[in-house]
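Peer 1: Chain by chain, the residues run as shown.
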Amino acid sequence: MSGQDARHGQRRRRAGRLWVQRLGFLLLGLAAVVVVAPILVVVVGIVARGIGTVDWEFLSAMPRAGMKEGGILPAIVGTLLLTLGTALVAVPVGVGGAVYLAEYARDTAFTRAIRLAIVNLAGIPSIVYGLFGLGMFVLFLRFGTSILAGSLTLAIMTLPVVISTSEEALRAVPTEFRTVAASLGGTRWQGVRTVVLPQALPGIITGVLLGLLRAAGETAPILFTVAAFYLPQLPRSPLDQTMALPYHLYVISTQVPGMPAGVQNGTAFVLLALVLLLNFAAAWIRRHFRRRRPW
Amino acid sequence: MKQGRGGARGAPAGRTRWSEFAIVALIRVLGFSTVGFVLLIFAFLLREGLPVFFELPASTLLGRLWYPTFGSFGALPLILGSLLVTLLAVLIALPLGVASAVFIREVAPRWAREVLKPLIEVLAGIPSVVLGFFGMSVVAPLVRQWLGAPTGLTAFTGALVLAYMSLPTIISVAEDALDAVPRGYRDAGLAMGATRWQTTWRVVVPAGRSGVIIAGMLGMGRAIGETMAVMMVTGNAARLPLDAAALFKPVRTMTATIAAEMGEVARGGVHYHALFGIGILLFVLTFLINLAAARTILRRRRKGGLR
Chain A
1 MSGQDARHGQ RRRRAGRLWV QRLGFLLLGL AAVVVVAPIL VVVVGIVARG
51 IGTVDWEFLS AMPRAGMKEG GILPAIVGTL LLTLGTALVA VPVGVGGAVY
101 LAEYARDTAF TRAIRLAIVN LAGIPSIVYG LFGLGMFVLF LRFGTSILAG
151 SLTLAIMTLP VVISTSEEAL RAVPTEFRTV AASLGGTRWQ GVRTVVLPQA
201 LPGIITGVLL GLLRAAGETA PILFTVAAFY LPQLPRSPLD QTMALPYHLY
251 VISTQVPGMP AGVQNGTAFV LLALVLLLNF AAAWIRRHFR RRRPW
Chain B
296 MKQGRGGARG APAGRTRWSE FAIVALIRVL GFSTVGFVLL IFAFLLREGL
346 PVFFELPAST LLGRLWYPTF GSFGALPLIL GSLLVTLLAV LIALPLGVAS
396 AVFIREVAPR WAREVLKPLI EVLAGIPSVV LGFFGMSVVA PLVRQWLGAP
446 TGLTAFTGAL VLAYMSLPTI ISVAEDALDA VPRGYRDAGL AMGATRWQTT
496 WRVVVPAGRS GVIIAGMLGM GRAIGETMAV MMVTGNAARL PLDAAALFKP
546 VRTMTATIAA EMGEVARGGV HYHALFGIGI LLFVLTFLIN LAAARTILRR
596 RRKGGLR
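Protein chains in written order, with our numbering: chain A, 1 to 295; chain B, 296 to 602.
By construction, these hints were calculated from the structure, which means they are not laboratory data. Note that the coordinates shown come from a computational prediction; the quantities given were computed from them, not determined experimentally. It is possible that some hints are incorrect.
Output of the computed footprint for chain A on chain B, the stretches with three or more beta carbons under 8 Å from beta carbons of chain A [claimed, not checked]:
1. 367-375
2. 421-427
3. 459-466
4. 511-525
5. 550-564
6. 571-581
Idealized CB from N, CA, C, for every residue including glycine.
Bound conformation, chain A alone (with noise of 0.2 Å):
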């Protein structure tokens, strides 16, 4: 064989194994697409058959007639509460877990508990934490169905989430920030407080946030925790009972024969809009400061 052949063969073997991999690189792709598609799907489908049924009514008056009609004032609010009394634990324990975490533990067999107690956490499916809250926080603790029982199961369920997340804001603080503080005469803790914190609440924010959007679209801890099926008032306590949206949408679509379609839509629209618009703020949070970040 002459030396032009070789070369002749060489470049075909080359050419053959550019198709092969604009095959591969394109079955790829496609694989990527087949995951987003639906996404969009579900998203503009959603959107598009609700906003139109989607008044000030809807958003502003108490449900009439079985909830066939009127608004679902009740739902919202109850969605919002639930949301903050899941903030206001979630935050403060998650937060200072990570602090713990992130600045104080040292690598022990006890961080490393937590660390896999954390995993599970995460891993702990939502029906299980409605057992636990009903078990704990309805029944035990006597709180009853209530506002306050719900939000717990909930906080709970989203403290890995939080934890997480603000442990590795905490850790993406530079250690030379740390050593400055100690430099000039400071305690761990004082460093921590006006040093590194500050520094890291941007991600802390964005996975507090991702927490809640998760917390505020859970139906099933709050199935036997909190959730009423129909009660066309507002909350006066922590230990009322309350409708809340997801819960709203799960029994309009499938425990309430002959509801309209329009009701069902608008309610998933609301629910889906307002986890949405909490994702966005998650996303724009950290775009917006990490361009900011001074180091």
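Since the structure of chain A is provided, determine the placement of chain B on it from the hints.
Peer 2: Frame of chain A; chain B shown alone:
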């Protein structure tokens, strides 16, 4: 700011010392609290669920008939229902998710990445009940038309919805695994004259394979615990899914059974205990899955090189 030499000796600034001590103690307690919560959850599940194992013999609990009104609490159809839907979901989601992760990390141009990643994040945030609602009102009718089945609420529909719900988990874990493959591996592959495709497929992906396994496990943990969407799209018939046709018939999962029945049971009765018993099983299952995943991650770390 009176923290000079005196402060270091601990004499003055007593108030600062005290509050510092209190705050650090509090932070320590908060750090430990997660362990406490896991124990509390397990304790309360046992407290409410353990009695069922004394009230009913094991042969009944693993029986083939779940029919609480007639005192029949055979959990086998529910367990198999959960397994069927979960395994099918992972079977769909794992290849799709890993391929997407490879695309995002190794192939996609910057703009494509910036479209894909936020969209996947949106998917992670869509409430399960909204996906269930969409599955019921859009996907199920389509499935019914394709199959000519009497109902579109089937195990297959459930697996399809579940697959998408576990995709964000699978993709992000697989991405982390690819991220941990050292750059040198890619450079070496290319330097040997391999194409980018060959390097990706024969070097990078195999190097990250333990991450792929972890992604599968965590996706499975996510899928088996899913409740609302599954309950809304699987039709909830508690029958044993034993033949291939069961894929396209209604099934009922463990999670859906708890969610659907707990509202109507008498507290403290056998049925109530049985539902908590299923909760114990779910807790133990997901605990084991996550433990295994965490161990794999740790082992990989300890081996060094590939973090």
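Peer 1: Now look at each hint and say whether the structure bears it out.
Peer 2: Here is what the structure says about each hint:
1. As drawn, the region 367-375 of chain B meets chain A at 0 residues by the rule of a beta-carbon pair under 8 Å; below three, the given contact is violated.
2. Residues of the region 421-427 of chain B with a Cβ under 8 Å from some Cβ of chain A number 7, which satisfies the need for three, so the listed coverage holds.
3. Counting residues of the region 459-466 of chain B whose C-beta lies closer than 8 Å to any C-beta of chain A gives 3; at least three are required, and the coverage claim holds.
4. For the region 511-525 of chain B, the assignment as covered by chain A holds, since 8 residues bring a beta-carbon within under 8 Å of that chain's beta-carbons and 3 suffice.
5. With 6 residues having a beta carbon nearer than 8 Å to a beta carbon of chain A, the region 550-564 of chain B meets the requirement of three or more and the stated coverage holds.
6. Counting residues of the region 571-581 of chain B whose beta-carbon sits less than 8 Å from any beta-carbon of chain A gives 5, enough to reach three: the coverage restraint holds.
Hint 1 from the earlier list is the only one contradicted by this structure; the remaining hints agree with it.
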